[in-house]
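Line by line, the protein sequences give chains B and Y.
Numbered according to the working numbering, the first sequence spans residues 1 to 472.
Numbered according to the working numbering, the second sequence spans residues 1 to 472.
Any given hint could be a false lead.
[Stated by the list, open to error] Cut-off 27 Å, straight-line C-alpha distance, at most; resulting in silico cross-link-like pairs (DSSO-like, lysine-lysine):
#1 Y:K73 <-> B:K332
#2 B:K454 <-> Y:K28
#3 B:K34 <-> Y:K259
#4 Y:K259 <-> Y:K297
#5 B:K28 <-> Y:K147
#6 B:K246 <-> B:K34
#7 Y:K147 <-> B:K29
#8 B:K56 <-> Y:K73
#9 B:K28 <-> Y:K29
#10 Y:K297 <-> B:K56
#11 B:K70 <-> Y:K302
#12 Y:K70 <-> B:K56
#13 Y:K70 <-> B:K268
#14 B:K73 <-> Y:K70
#15 B:K332 <-> Y:K29
#16 B:K73 <-> Y:K463
#17 Y:K147 <-> B:K56
#18 Y:K402 <-> B:K56
#19 B:K34 <-> B:K139
#20 Y:K410 <-> B:K56
#21 Y:K147 <-> Y:K302
#22 Y:K467 <-> B:K223
#23 Y:K413 <-> B:K56
#24 B:K80 <-> Y:K302
#25 B:K56 <-> Y:K463
#26 Y:K237 <-> B:K56
#27 B:K73 <-> Y:K332
#28 Y:K259 <-> B:K301
#29 Y:K301 <-> B:K147
#30 Y:K413 <-> B:K301
#31 B:K301 <-> Y:K467
#32 Y:K463 <-> B:K159
#33 B:K28 <-> Y:K259
To be clear, the hints were calculated from the coordinates, so they are not data collected in a lab.
There are 2 protein chains.
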Amino acid sequence: MRMEQPQFQLMDEDQLSVELIDAQYNLKKTRGQKNAKSLVILVNGIELAGKGEAVKQLREWVDPRYLRVKADKPQLAGPKQTLWQPYARFIPAEGQIMVLFGNWYSDLLGSAMQAESPLSDAQFDEYLQEMQAFEQDLKNNHVDVIKVWFDLSWKVLQKRLDAMDPSETHWHQLHGLDWRNRKEYDTLQRLRQRFTEDWFIIDGEDEQQRDQQFAQYILSALKHCPDHPARAKGRWKQAKIPEQLKHPSKTQAQPEDYKPELKKLTAKVAKAMRSDSRNVVILFEGMDAAGKGGAIKRIVKKLDPREYEIHTIAAPERFELSRPYLWRFWTKLQTDDDICIFDRSWYGRVLVERVEGFSSPVEWQRAYAEINRFEQSLVKHQTVIVKIWLAISKEEQAARFKAREDTPHKRFKITEEDWRNRERWDDYLKAAADMFEHTSTEEAPWHIIASDDKHTARVEVLKAILKQLQAE
Amino acid sequence: MRMEQPQFQLMDEDQLSVELIDAQYNLKKTRGQKNAKSLVILVNGIELAGKGEAVKQLREWVDPRYLRVKADKPQLAGPKQTLWQPYARFIPAEGQIMVLFGNWYSDLLGSAMQAESPLSDAQFDEYLQEMQAFEQDLKNNHVDVIKVWFDLSWKVLQKRLDAMDPSETHWHQLHGLDWRNRKEYDTLQRLRQRFTEDWFIIDGEDEQQRDQQFAQYILSALKHCPDHPARAKGRWKQAKIPEQLKHPSKTQAQPEDYKPELKKLTAKVAKAMRSDSRNVVILFEGMDAAGKGGAIKRIVKKLDPREYEIHTIAAPERFELSRPYLWRFWTKLQTDDDICIFDRSWYGRVLVERVEGFSSPVEWQRAYAEINRFEQSLVKHQTVIVKIWLAISKEEQAARFKAREDTPHKRFKITEEDWRNRERWDDYLKAAADMFEHTSTEEAPWHIIASDDKHTARVEVLKAILKQLQAE
Numbered sequence: 001m002r003m004e005q006p007q008f009q010l011m012d013e014d015q016l017s018v019e020l021i022d023a024q025y026n027l028k029k030t031r032g033q034k035n036a037k038s039l040v041i042l043v044n045g046i047e048l049a050g051k052g053e054a055v056k057q058l059r060e061w062v063d064p065r066y067l068r069v070k071a072d073k074p075q076l077a078g079p080k081q082t083l084w085q086p087y088a089r090f091i092p093a094e095g096q097i098m099v100l101f102g103n104w105y106s107d108l109l110g111s112a113m114q115a116e117s118p119l120s121d122a123q124f125d126e127y128l129q130e131m132q133a134f135e136q137d138l139k140n141n142h143v144d145v146i147k148v149w150f151d152l153s154w155k156v157l158q159k160r161l162d163a164m165d166p167s168e169t170h171w172h173q174l175h176g177l178d179w180r181n182r183k184e185y186d187t188l189q190r191l192r193q194r195f196t197e198d199w200f201i202i203d204g205e206d207e208q209q210r211d212q213q214f215a216q217y218i219l220s221a222l223k224h225c226p227d228h229p230a231r232a233k234g235r236w237k238q239a240k241i242p243e244q245l246k247h248p249s250k251t252q253a254q255p256e257d258y259k260p261e262l263k264k265l266t267a268k269v270a271k272a273m274r275s276d277s278r279n280v281v282i283l284f285e286g287m288d289a290a291g292k293g294g295a296i297k298r299i300v301k302k303l304d305p306r307e308y309e310i311h312t313i314a315a316p317e318r319f320e321l322s323r324p325y326l327w328r329f330w331t332k333l334q335t336d337d338d339i340c341i342f343d344r345s346w347y348g349r350v351l352v353e354r355v356e357g358f359s360s361p362v363e364w365q366r367a368y369a370e371i372n373r374f375e376q377s378l379v380k381h382q383t384v385i386v387k388i389w390l391a392i393s394k395e396e397q398a399a400r401f402k403a404r405e406d407t408p409h410k411r412f413k414i415t416e417e418d419w420r421n422r423e424r425w426d427d428y429l430k431a432a433a434d435m436f437e438h439t440s441t442e443e444a445p446w447h448i449i450a451s452d453d454k455h456t457a458r459v460e461v462l463k464a465i466l467k468q469l470q471a472e
Numbered sequence: 001m002r003m004e005q006p007q008f009q010l011m012d013e014d015q016l017s018v019e020l021i022d023a024q025y026n027l028k029k030t031r032g033q034k035n036a037k038s039l040v041i042l043v044n045g046i047e048l049a050g051k052g053e054a055v056k057q058l059r060e061w062v063d064p065r066y067l068r069v070k071a072d073k074p075q076l077a078g079p080k081q082t083l084w085q086p087y088a089r090f091i092p093a094e095g096q097i098m099v100l101f102g103n104w105y106s107d108l109l110g111s112a113m114q115a116e117s118p119l120s121d122a123q124f125d126e127y128l129q130e131m132q133a134f135e136q137d138l139k140n141n142h143v144d145v146i147k148v149w150f151d152l153s154w155k156v157l158q159k160r161l162d163a164m165d166p167s168e169t170h171w172h173q174l175h176g177l178d179w180r181n182r183k184e185y186d187t188l189q190r191l192r193q194r195f196t197e198d199w200f201i202i203d204g205e206d207e208q209q210r211d212q213q214f215a216q217y218i219l220s221a222l223k224h225c226p227d228h229p230a231r232a233k234g235r236w237k238q239a240k241i242p243e244q245l246k247h248p249s250k251t252q253a254q255p256e257d258y259k260p261e262l263k264k265l266t267a268k269v270a271k272a273m274r275s276d277s278r279n280v281v282i283l284f285e286g287m288d289a290a291g292k293g294g295a296i297k298r299i300v301k302k303l304d305p306r307e308y309e310i311h312t313i314a315a316p317e318r319f320e321l322s323r324p325y326l327w328r329f330w331t332k333l334q335t336d337d338d339i340c341i342f343d344r345s346w347y348g349r350v351l352v353e354r355v356e357g358f359s360s361p362v363e364w365q366r367a368y369a370e371i372n373r374f375e376q377s378l379v380k381h382q383t384v385i386v387k388i389w390l391a392i393s394k395e396e397q398a399a400r401f402k403a404r405e406d407t408p409h410k411r412f413k414i415t416e417e418d419w420r421n422r423e424r425w426d427d428y429l430k431a432a433a434d435m436f437e438h439t440s441t442e443e444a445p446w447h448i449i450a451s452d453d454k455h456t457a458r459v460e461v462l463k464a465i466l467k468q469l470q471a472e
């Protein structure tokens with residue numbers, strides 16, 4: 001939807017400043033409240049249209065301590081990450097405001113205009129769709145995304161170029177486009193038209209009007225802090241609990257088979273992961289004592305310790321809680337680690353957070369789609385995702401808990417909380433059933449592995465990884 | 001002191017593994033306790049001596065989820081940062097273990113051996129001293145630093161090179177040194193001899209012995225978790241409170257003088273900061289309502305919003321509390337921001353934390369030296385530090401608090417806590433007096449600026465910045 005561009009009126013500057021600061025502090029106070037939000041302001045446009053000046057003026061009117069500005073070096077679209085990924089770390093916490101000069105749109109335009117290998121319109125639109133989906137997830141998670149395009153007609157742009165001191169050409173020229181080249185200008189304008197209609201367009205010709213239009217627009221965005229929907233729509237339809245979860249198979253591997261096979265598979269998995277040009281993400285979920293640690297040990301046994309990263313996911317920190325739920329995973333997956341193993345994962349949202357009430361029904365019910373989109377974008381950008389649920393029976397868990405309590409050097413592994421969690425056993429099974437139902441996708445299916453017998457489980461985990469690496 | 005290399009004995013592998021895991025979990029449990037610590041393991045050595053293999057073996061014996069490994073690309077020593085700075089973000093939280101393959105020592109050796117511009121012995125030793133000071137600060141702040149050198153004689157190295165498949169030359173070759181060159185080998189060994197004596201040297205010739213020596217050494221380090229000293233030594237000598245703090249001057253700028261001078265100074269400061277090749281760090285301390293926000297606004301008024309970063313320092317997060325106090329500043333100053341402004345700063349340790357009892361006497365008394373070392377290393381690596389204390393009188397603060405309460409759009413700025421802090425006024429003055437006494441150094445002096453009159457204060461702040469930028 002195109003934003004209503006209201007009848008524009010200049011405001012008294014002092015009044016505008018007072019209102020902005022007021023709104024800024026009100027935003028700050030929403031942190032942790034039911035109307036909490038943060039603001040990302042994406043600033044793009046034609047060179048010399050004055051986006052830098054408008055932000056400068058805005059930062060003078062507001063309290064500059066609570067409006068951060070980032071101007072990253074432009075990046076070209078590459079096969080191995082989404083365009084928004086490098087900027088994920090700048091997503092502000094609730095109550096905060098972040099202006100991004102360099103952002104996923106400037107990178108997209110830059111990539112599309114690249115002389116050597118311009119993007120096709122189809123590719124361009126595909127990237128746009130990916131960004132929109134990401135922005136929708138941001139909005140659902142209390143991050144407002146404000147997109148402003150500073151425009152300038154060809155005529156005025158040329159006049160401004162004429163008036164420029166050549167020594168003043170700045171480092172922030174948009175990807176070194178030639179602003180004297182009419183064809184390039186037209187191409188850029190044509191591409192920009194493909195953006196969604198929720199951009200706010202500001203004509204940069206009149207400087208005073210430009211700065212005020214921008215600031216007033218930000219003001220209206222700051223003032224708009226509605227309460228988040230509290231209740232989920234409709235009734236939740238519980239999926240049926242798979243038999244393998246209720247009664248995991250107890251087949252035991254024969255000891256004489258086990259060792260050589262495990263050894264062979266371990267080497268094979270290491271080789272397969274190492275030689276795969278894609279990144280590999282392996283994640284484990286399952287009840288306590290299901291054997292996640294042991295399975296991980298086998299996966300990494302033949303790897304060099306510098307080749308992989310293990311993330312053990314515990315309760316989020318305060319700074320993570322005030323950002324979109326997936327944020328701590330977006331930022332964890334930005335590194336160059338080719339092989340990432342997660343001991344528990346983003347599925348915490350629909351497992352422990354659902355069962356323990358740490359997230360509201362509206363939040364965990366929304367999470368399935370968010371997680372699917374997230375995984376799809378990873379897969380699309382050359383990542384293999386292997387999702388493993390280790391299924392043990394309630395009796396076997398009890399036996400392992402007791403064995404841990406009886407073994408001096410394993411006693412640390414068992415706490416009161418573990419016993420408490422057991423009481424929620426059936427709730428966890430229900431949550432797991434819904435999770436399989438909604439997130440077992442073609443590109444990232446779940447592998448449910450019976451693990452009452454540790455040896456069989458380890459072998460099956462390795463086989464699942466191999467299967468998925470070769471399946472695609 | 002050279003570590004005692006005890007009579008070495010091979011242990012049963014299973015036993016070693018059990019003991020390591022046990023010690024690992026004990027370390028984890030120290031988090032937040034009086035014997036809390038974390039472990040950084042620096043791994044360096046001769047190529048093919050087997051440091052990778054030894055760490056791999058260690059990670060098999062321990063629970064790999066709780067032993068992280070980082071192998072960063074080597075960096076050469078540059079003028080603008082200390083060698084440890086790029087690695088500061090990897091400093092583990094209490095209870096954690098981090099192995100660093102790439103680290104400040106590999107970078108130092110790489111820089112020293114650089115064919116084009118090798119470091120002189122004097123430069124080398126200077127870097128070494130800087131690292132030692134840093135490591136001492138880590139140790140004082142509960143981060144144990146374990147340094148292991150994997151050694152290999154020239155003869156064995158050559159034999160191993162002979163046996164190598166040429167296609168197996170790895171990416172982790174140490175800075176592309178030529179390991180067939182005897183002279184280079186000798187130079188490296190000569191340089192390594194200059195290291196301090198707290199390195200643990202492992203001969204890489206015998207593989208089994210190598211792995212066990214390494215693991216047993218880590219085991220002994222893990223087991224050693226003594227309580228931190230609780231009490232400060234000796235009596236604290238309170239510095240005299242400067243007259244300017246007790247009774248800040250109330251001289252008012254004449255309104256007709258003020259505006260043009262402020263404008264001129266604002267432009268001059270912006271120009272000076274921009275044209276200075278060094279980084280600029282400006283920090284503000286002072287009582288609530290002393291005018292920090294207003295002063296910052298004037299400093300940045302003529303800057304492009306992309307040129308500077310403002311850090312507003314509030315209470316630390318949990319993940320920051322479990323690391324050395326200065327950690328959150330080390331990591332904040334790693335960016336390429338040329339101009340950084342701190343609204344409150346690392347001096348919180350000796351101000352609010354001291355007064356409110358958030359840090360123990362032994363911690364805040366130690367902090368003066370830590371802060372001085374930190375600032376010295378910044379100054380040495382081309383950063384100007386401007387430290388400003390805005391001094392207001394108790395009456396003026398009361399007047400400002402009341403004015404805020406009476407102004408609707410400023411009411412948010414004043415809370416119960418602000419009034420409570422006032423009751424500690426004298427304690428804060430004492431803490432400030434000690435801070436000036438111990439941290440006003442030649443390279444980073446304190447500027448105490450009377451700010452009962454806001455206009456005068458803003459002018460004086462700008463003058464102080466100019467003075468310090470030109471003074472050096």
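Do the hints match the structure? See the list:
no.: 1; hint: Y:K73 <-> B:K332; result: holds (19 Å)
no.: 2; hint: B:K454 <-> Y:K28; result: holds (26 Å)
no.: 3; hint: B:K34 <-> Y:K259; result: violated (44 Å)
no.: 4; hint: Y:K259 <-> Y:K297; result: holds (15 Å)
no.: 5; hint: B:K28 <-> Y:K147; result: violated (45 Å)
no.: 6; hint: B:K246 <-> B:K34; result: violated (38 Å)
no.: 7; hint: Y:K147 <-> B:K29; result: violated (47 Å)
no.: 8; hint: B:K56 <-> Y:K73; result: violated (37 Å)
no.: 9; hint: B:K28 <-> Y:K29; result: violated (36 Å)
no.: 10; hint: Y:K297 <-> B:K56; result: holds (11 Å)
no.: 11; hint: B:K70 <-> Y:K302; result: holds (17 Å)
no.: 12; hint: Y:K70 <-> B:K56; result: violated (40 Å)
no.: 13; hint: Y:K70 <-> B:K268; result: holds (24 Å)
no.: 14; hint: B:K73 <-> Y:K70; result: holds (26 Å)
no.: 15; hint: B:K332 <-> Y:K29; result: holds (25 Å)
no.: 16; hint: B:K73 <-> Y:K463; result: violated (33 Å)
no.: 17; hint: Y:K147 <-> B:K56; result: violated (48 Å)
no.: 18; hint: Y:K402 <-> B:K56; result: violated (31 Å)
no.: 19; hint: B:K34 <-> B:K139; result: holds (14 Å)
no.: 20; hint: Y:K410 <-> B:K56; result: holds (23 Å)
no.: 21; hint: Y:K147 <-> Y:K302; result: violated (48 Å)
no.: 22; hint: Y:K467 <-> B:K223; result: violated (42 Å)
no.: 23; hint: Y:K413 <-> B:K56; result: holds (24 Å)
no.: 24; hint: B:K80 <-> Y:K302; result: violated (40 Å)
no.: 25; hint: B:K56 <-> Y:K463; result: holds (23 Å)
no.: 26; hint: Y:K237 <-> B:K56; result: violated (47 Å)
no.: 27; hint: B:K73 <-> Y:K332; result: holds (19 Å)
no.: 28; hint: Y:K259 <-> B:K301; result: violated (70 Å)
no.: 29; hint: Y:K301 <-> B:K147; result: holds (25 Å)
no.: 30; hint: Y:K413 <-> B:K301; result: violated (56 Å)
no.: 31; hint: B:K301 <-> Y:K467; result: violated (60 Å)
no.: 32; hint: Y:K463 <-> B:K159; result: violated (39 Å)
no.: 33; hint: B:K28 <-> Y:K259; result: violated (32 Å)
Violation of the numbered hints given earlier is confined to hints 3, 5, 6, 7, 8, 9, 12, 16, 17, 18, 21, 22, 24, 26, 28, 30, 31, 32 and 33; the remaining hints are satisfied by the structure.
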